[in-house]
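Peer 1: Protein chains in written order, with the working numbering: chain A, 1 to 210; chain B, 1 to 215.
The hints are simulated quantities; they were obtained by calculation from the structure and are not laboratory data. Don't be surprised by glycine CBs; every beta carbon is placed ideally from N, CA and C. Among the clues, some could well be false.
[As the list claims (entries may be wrong)] Residues from chain A that face chain B, not an exhaustive set, calculated with beta carbons under 10 Å:
id, residue
1, LEU17
2, TYR18
3, LEU19
4, VAL42
5, LEU170
6, PHE204
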Amino acid sequence: MNGAGKTLYRWTRDLHLYLGLFVSPFLVAFAVSVFFLNHAKVDTSAVSSIATVRDIAVPAGMERTQGREAVDLARKIVDQVGVTGEIGFVRYLGKERRLVIPVSRPGVETVVDVDVSKRTAVVSRRITSVMESIAYLHKSPGPHNAVLRGNWFWTRVWKWLTDGTVYLLLFSSVSGLYLWLTIRAERRVGLVLLGAGAMTFVAFLYGLAI
Amino acid sequence: MASPSDRGQRAGTVLEMWNRQVHYYLGLYFFVSLWLFSLTGLLLNHPQWALSRIPNDANPEYAIAIEPTSGDTDLARARDIVRQLGLKGEIDWPQSAQAPGRLDFNVTFPKRAMQLSVDLREGRATVRQIDRSLWSAVRITHTFSGSRYNTPGMYRDWLLTSMWVTAMDALAAGLLIMVIGSYYMWYQLKTKRASGWIALVAGFLSCGWIVFGLA
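Looking at chain A on its own, in the form it has when it is part of the complex (with noise of 0.2 Å):
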């Protein structure tokens, strides 16, 4: 190995030592998370606390408001409630002048239920175990109403923390087959696991997408 090939080397091992203890907490989440999202199941009816709130605000136009508009009028109620998180959507029920709100944080779901005409919100809590909590972030912000998603301040942030983790993951990935490829004699066995690794995929790809 010449000057800049050493160089080079000792670059691609602090940077994979130094971005991989970085991101390994990230790792360590989604991959844990994992398990619960496959096995676990959650009775997601048993709500931790109820309470009304009355005399709400609700802001003018609410019930004609849609997508994102609603979501953003939909904030000034929750915020009277003291409720904070991610709004998932506002469904206004129009013969019962009800919006059902339902809201997301890790470690807390909430409904807010509001009655439009008595102008009072019914507010169910249900708190979440930290797996379920970390399982929430797994999914999160996801690919579902993707117009309302990342209307928290925090949601977005984690969005940046994932996309983050995936870039610095492939690094680490790429860092780590460079890595191997300057132990000679650990190709051989590599290789092989290369490929084996490859051919499982690649078998299962065909059986579940071909």
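Once you have looked at the hints, place chain B on chain A.
Peer 2: Frame of chain A, contents of chain B only:
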């Protein structure tokens, strides 16, 4: 004869070598799957990207006669219909109750989704089939587990889904082993300990703040 301290040192060297090998052997074995989950994770995080879109255009629906179904429960009858029609995939059962004499459910796997509407009295099943591109199917594999933790009564019932879930579990377990092994390898490097602590603590604080701080 080797002294106890020599034996301890040798055991430490062997452990270090094994740990190093396990780290890169696992990394190499899971290399392709890690890339697939990373890239599909990015697509899930950015639904507005053109590559993330999953078309849901159904083919023209068709009706097909079925024989009287066997089974004590709606799910058992649904399984019998799936068998009769020669369909494959995970039965996606609706949360709402079934209307008397009818069965409405989906049979899905990443490449295809079939919406079945069955009239048990008439002995007729109407099928809407949605075929997906290979790319869309690959994206769907990221979340294809046949189960949702917050949906009671939804369980895996297709062998391939169970095998796929086992593969996802194995990848997660492999990642955890690699992370723990990497902590050991880093800690053996005395000159990198202090700087490594900074990187590790920064990671724990940023991740921990979101997981625990926001709760």
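Peer 1: Does A:VAL42 meet its interface restraint, that is, does its C-beta lie within less than 10 Å of any C-beta in chain B?
Peer 2: holds, 5 Å
Peer 1: Would you check whether A:LEU19 satisfies its interface hint, that is, whether its CB is within less than 10 Å of any CB in chain B?
Peer 2: Status holds, d = 7 Å.
Peer 1: Return the status of the interface hint for A:TYR18: holds when the least beta-carbon distance to chain B is below 10 Å, violated otherwise.
Peer 2: OK, holds: A:TYR18 within 10 Å of chain B, min 4 Å.
Peer 1: With a cut-off of 10 Å, does the beta carbon of A:LEU17 approach a beta carbon of chain B closely enough for the hint to hold?
Peer 2: A:LEU17 check passes; min Cβ-Cβ to chain B is 6 Å, inside 10 Å.
Peer 1: So, as I understand it, the hint says A:LEU170 touches chain B; can you test that by seeing if any CB pair is closer than 10 Å?
Peer 2: At 6 Å from the nearest chain B Cβ, A:LEU170 passes the 10 Å test, so the hint holds.
Peer 1: Against chain B, is A:PHE204 within 10 Å by beta-carbon distance?
Peer 2: holds, 6 Å
Checked against the numbered hints listed earlier, the structure breaks none of them; every hint is satisfied.
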